[in-house]
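**Q** Starting from the two chains in their separate frames, assemble the complex, guided by the hints.
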Amino acid sequence: MSTGYQIVVLGSVVPDPLQTLEPAQTPQGPGLKNELMLPHVLDPWAAHALYEAANLAARTPGSKVTLLSLGPKAKLQQVMMAVGQRVPFELVALDGPAGGFTDPHEVAARLADAVKALPGLDRSRLLLFGGWESASRGAGVTLQLVGERLEIPDQFQGVDQLTPGPDGAFEVLERVEGGRHQVSSCAGAPAVLGWATGSLGEPKNNPQVGMANMRAIMPALQKAAPAPVGTGRVEYLSVAVPRTQRETRIVKDMSPDDVARELVEWIAQD
Amino acid sequence: MSVDIACVGFGPATAGFLTTLSRRLSASDLPPLESAAAPGLPLQVVCYERADDLGFGVSGVVTRARGLRAAFPDLDGAQIPMAARVKDERVLYLLDPLGASRRSASLRAADRTIRALRGVLPFADEALELPFTPEFLHKQDGFVFSMGQLMQWMSAQVLASGAVQLWPGTPVARALVEDGKVRGVRLVDQGVDRQGLPDAAFMPGMDVRAALTVVGDGPVGAVGRQLDAELGMPPGNARREWAVGMKFVVDLPEETRLEPGTVLHTLGFPEPEIFGFLYVHPDHVASVGIFVPSGFASPARTTYRYLQHYVQHPAIWRHLEGARLRSWGAKSLLESGRRGEPFLAGDGFARIGEGSGSTNVLTSSGVDEAFTTGVQLAEGVIALLEAGRPLTKEGLEEAYVARRRASWIEAEARIAEKARDGFQRGFVPGLVGMALAGLTRGRVSLGHEPPHPADAVGTLEDFYAGRIPAEELARLRAECEARGVPLHDALMDRAGWPAVPLDGKLLVSQQDALLMGGKVQAPPGYADHVGFRSAERCRACGKRVCVEICSAEALRPGADGVPSFDREKCVHCGACLWSCTGRLEGTDEVNLELRAGTGGLHSAEN
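Sequence order for the protein chains is A and B. When we follow the working numbering, the leftmost residue of the first sequence carries the number 2, and every step to the right adds one. When we follow the working numbering, the leftmost residue of the second sequence carries the number 51, and every step to the right adds one.
Quick caveat, the hints were computed from the structure, so don't treat them as lab data. Hints should not be assumed to be uniformly reliable.
[Claimed, not checked] Think about it this way: if two alpha-carbon atoms lie no more than 27 Å apart in a straight line, the pair counts; the simulated DSS-like pairs of lysine-lysine are: (1) B:555 with A:34; (2) A:74 with A:205; (3) A:34 with B:137; (4) A:117 with A:74; (5) B:231 with B:555; (6) A:224 with A:65.
[What the hints assert, rightly or not] Listed below are several chain B residues computed to face chain A (Cβ distance under 8 Å; list not exhaustive): (7) 126; (8) 128; (9) 172; (10) 566; (11) 575; (12) 655.
Quantities reported herein were computed from a predicted structural model and do not represent experimental measurements. Glycine included, C-beta positions come from ideal geometry on N, C-alpha and C.
Chain B on its own, in the form it takes in the complex (with noise of 0.2 Å):
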């Protein structure tokens, strides 16, 4: 099958795209743009979304929508269920009323002196409120969404156009690259079995050939990542650093006082490493979660548990107290942001959002600037078509690169480049390089690009030094292998943090978690989406950090050594990928794979 332009991936950032190509294509007043792969046709522009429907698999966001308030000037937050103007804006240092937390000296100390200033300090509910939100970070022009609704919102207004078709649950297996040229794509061979093999009522991936190829599918994104590994990455670029953020939506109890709008930023709790928010939807609704960030030491990162600790800090669930949980879902952030940028353009083939190093981590935003990576792109190629002019290298070099070069994209990402290398030496000297960062725009930083992420993982050994001793920390790793559990449960419960008094409202298991709030399931007929390429290389790995991370308890201690998959659990966060610490001699790749597959969330709130 021929088609002029396929896209891979419905983001934030295939969105700006496709509102902006389809706006021309439909323009009445302009010549039409035709197309070559069926002549006498209008321009033919399809997207395929891995995910099971639109809007599923991603996070709410507060953003100050530069780029979507340009491409929507009369953006009314009224027209989007769920999203609302930011009217309140916090940050909170949050201390640990638990004594559980892996906190520095330094930072014990520091928080013994808050709490003996309590008196003269905003102190309340265990959290210090800074006096002010610091400019690189305030979101006070902009809008709280949930991704889910803008999403789904967009869409409607892509597809009400009728010139470009979605479609959702097609998973896109690889780019069709030769000769270092994409030729288009493959998308996922269908009626197979666990292992891929042809089964009842097989269908082999269909090759869709497409003059452009638009690669939008996200940080952990199948065809992204091939990308990659075949055409490598520019000289000194690398991904080297990444979070997993996980939410819960929660309906407020009814007599809450949180105003729409309202946006908390904190830190410093349930570790300090581990950022959260809190944000408020119309309606008594609210999302709030956290986000574990690769440069976590503990192997046993698990940001569920950590997540219910989370909700129920004092200055958090003064506010949660009541509330019921409606929806649920986790995903990876590239955190390298331009660090992690790869060639943003070649013959046939054009790299937007995320996936391309857009996001910007200084002023903790990402979906705006998407958005308008994909609108920079349509421009571009819409300039292309108008003038006759192929798609390009050169021609996407000079019509889309130059654009995002010259744009507040590439300003405000260069500004954020180094910002979070303090944290190489510590959560303290963390937040300063990140302050100075962004007050010195970009000119001063501490610290040093981190490592690869499985270099960054520690030993349990080490993390848990001077609080679990080595024999006990191996007794807990056999019992919870023999019972084919992960770690990180019986490692927190021995670490002082108490046991969640689940409620079945709010604090629910994991499981439920994903039957209540992310709805998650699975279409038959398609192949496991993860898997490891050594047996070996997982048996000999004594961290495990894939099964400890798994945001769904997809993967669990296998019965061989290697960890077991269950695709009916997985939510495609893709935090397995950058926790895998099986990386692979001279290269950047590691043991586990992750492939473009079905199912995951069925959530449209997140």
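Looking at chain A on its own, in the form it has when it is part of the complex (with noise of 0.2 Å):
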């Protein structure tokens, strides 16, 4: 009998950081402006757990890493080329919106459906990790309601560290105020563990990892079942971005000091 854990990740995508986003009204209800043609990435909260979780797998033998993605299919498919390459992992797809308003319950709904519907699920083994933070949502409690639904009550947030002990118990280390660490000892899984940004660097592009992982991620696309959520009950009279100043200053030589000096006169000027 096998002793790894069975990590479910749970991660979909947002807009390439560095996209200008703009609020919009649409038939579905409120969305980003031309959303569906901004490039997308994988969450980056998500991403850490997902590098995490290949980490932790890979040092625990029988360990297999599941990352449950619900999304609109073709941005999945096309953000799965450059995940792909980074890690092994099989894909579990579900079709449909991955925006900022959608409301978690329902997301979390269908991902813990997904979640018990996984072949050969075994609770003694599981660990569903995720992003403590979403890019896309900023409140990040999906994965909480995701652990509610399945019952898990062993649920660490702000995780920057796993360190697997004897008999599948484990510590981990939460972030706390004043730039510390939490320090807590669990028995074993189940566990869900919401990931800060963890210590990993972002792994290498890998292509023999790619056609690997690729031969079981086309098929898990290709039958990606449709997921419709929407905003729940919640009505958004309004939605807007913050307001933003841009300046632009190419400097490379500037102190440390300097810099936050000028950033806080720039401030004081608002």
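**A** What follows is the structure, given as structure tokens:
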């Protein structure tokens, strides 16, 4: 019998971070102007979780990583071309909206159902990974809601490190105020871990990993089940992005103190 | 690692190749094409794209879309964001409202005549509308596309087949050439410092062996140029004519009267040699841009500053006043066309797309031609594989090159071959030469083949003779060198080009265009992809055209006389390569080295 973890990473796509985002009303409710034309990436918080999951799986024989992703199929397909080169995982795709205005409860219900339906699911080995935050909805509550629906009481948020111990137990470092970590010991799976940034760099592209991943990713995308999620009963009266001002100056040899001083002066002008 | 077919670059040509091939691979009513690299599996096909995502770094287009419609008979603009059918096409000759552009005496006389006859000519906003669009230029039955969106749409079609793999963010360093045969590709090293030396998490570039390497990495692609250098060019062929195209994608003012599908071609401003365009997409979005050719004599050929003046020309500004920048980008165009054609096929490789000399400068069309060459190669490869024949030079010549030679691509390329030679004699002879070539189907032309672009660049003293004294040029040069900035702004200011009234919306600094428009970035862990073979040669260079033309100001005057390079700003337009005047003796190579690299534009709307 395998002693490794079944790590399920929840993560979807968000617009590439440098894109200019503008709220807009769509027939489906609030959204972003030209959202489907914007290039997308795997939500950076979820990406950290995925890389930590792959790292844990590599250190824990018998483990397996599954990425469960609810998003527009075409965008998932595109993003997986980049993500699929990084670390080994299996994909379970759900075809639905991934914007920041969808209701976390509806999303969580779909994701929880999909986790329950995973073939060979063994709760005693299940680690549910995801982002502590989300680049698309900030509140970052979906992961917690999924954990509750799966009746997993051990939840850790702001995780920066997981150290496996004997007999499936592990130690977790969670971020707390004051730039410190809280150390928790957990007897073992199942558990929910909402990752902060962790400590791993972004893995390099590996063509062999890509070739191996893609043999399963492409069929998974082709059979992605529809997962219509909406805005729940929330009515948005208006949406706006923060007002921004841009002044660009390229300076390469400025000391951090001088940069900070100039930023304070600039902010104080407002 | 071994595959059956490795493609280099995902542009329109490779899209044509993979669209056609993936349809065959997923056809359930035909015998499967089996892999030799992985016996028992279907044909293993991978495509490595340099840019961080598919559809980044390519530019907008108005095209007749003959090849595209042949491949997608039900092509409907509504399926593709930013696509529109061409509805209204005009050609405008722009006069110089500022008196700053460098016009010949004959052109100034022509301008005076036009202004004198403004009451009887279709003249408005300092522009003369030509009575018709020449037959060879028109795109009236075609489409306006965003290339980024078109490529994303085509990649989705290809990926949906599940038959091929596309890997963005994966530059190919070089082809694996053994005894004149291409055996696959080597990917770039990862986890290296700027000089390419191993650093944290070093991962040497992997060799991917393949029975066929499809080279579609564009006009400045590293693999295509490597093959040119190692295998040589066919007798008489050379890459002499280039241009850099730069564009804004803008949100038009809400009250715009421009209809989707409107196309304006312009000539005459900001300099006579610089052609321009404005295409209107749906939803009040437009692409507007210019082409700066390698034949432009000024060493201070700043595309960005010229583009800012172009959009402010009254005939353009009347549409753009109040517009807002959405996206920005730049790319090189290989305008040699058929004359720049390399060996199209050899043992284990085939060349497609713009890097294979498919762009037609007479019809101002390249995307449809590139796509079609990819389709032709795929049809040839399928025929060879179905016949159980190897992908050798002989087979590819027969199945691909012959197919291309018998097609409209070749016929129209022959007509266009000498169409622009007249520009060697000046702007007006150039226009006349184009018209003659178009009207006589290439039988009559003016001028001669251009020299190597390194030999075409004049001196600043010559370009500004009579306008800026040599001593002042020397002073400006020294001042800019000391400040570490390009020379072009100081020169244009001095030559009478007014300051650009930055409005934070469309008229923004070049660095803001990188951030607001191009969203330019570069991942860490890769080497600099621009370098110089000889520092001495750089120090001796008095022109520094590479710095002046750099679309992103990624190249700047360096402290030791060698230009400095900032990888995080580079948009991979490649203009520095053909603008380098440090030609190595006896070769077409230059002192500047452009290697394969990651990063660049992060916009899919160009």
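**Q** The structure should be examined with respect to each hint, and the outcome stated for every one.
**A** Verification of the hints:
1. B:555 with A:34: This hinted pair holds, its Cα atoms lying about 17 Å apart.
2. A:74 with A:205: holds, 25 Å
3. A:34 with B:137: Status holds; Cα separation ~26 Å.
4. A:117 with A:74: holds, 21 Å
5. B:231 with B:555: violated, 52 Å
6. A:224 with A:65: holds, 21 Å
7. 126: violated, 17 Å
8. 128: violated, 14 Å
9. 172: violated, 36 Å
10. 566: holds, 7 Å
11. 575: Hint on residue 575 (chain B): holds, closest Cβ of chain A at ~7 Å, below 8 Å.
12. 655: holds, 6 Å
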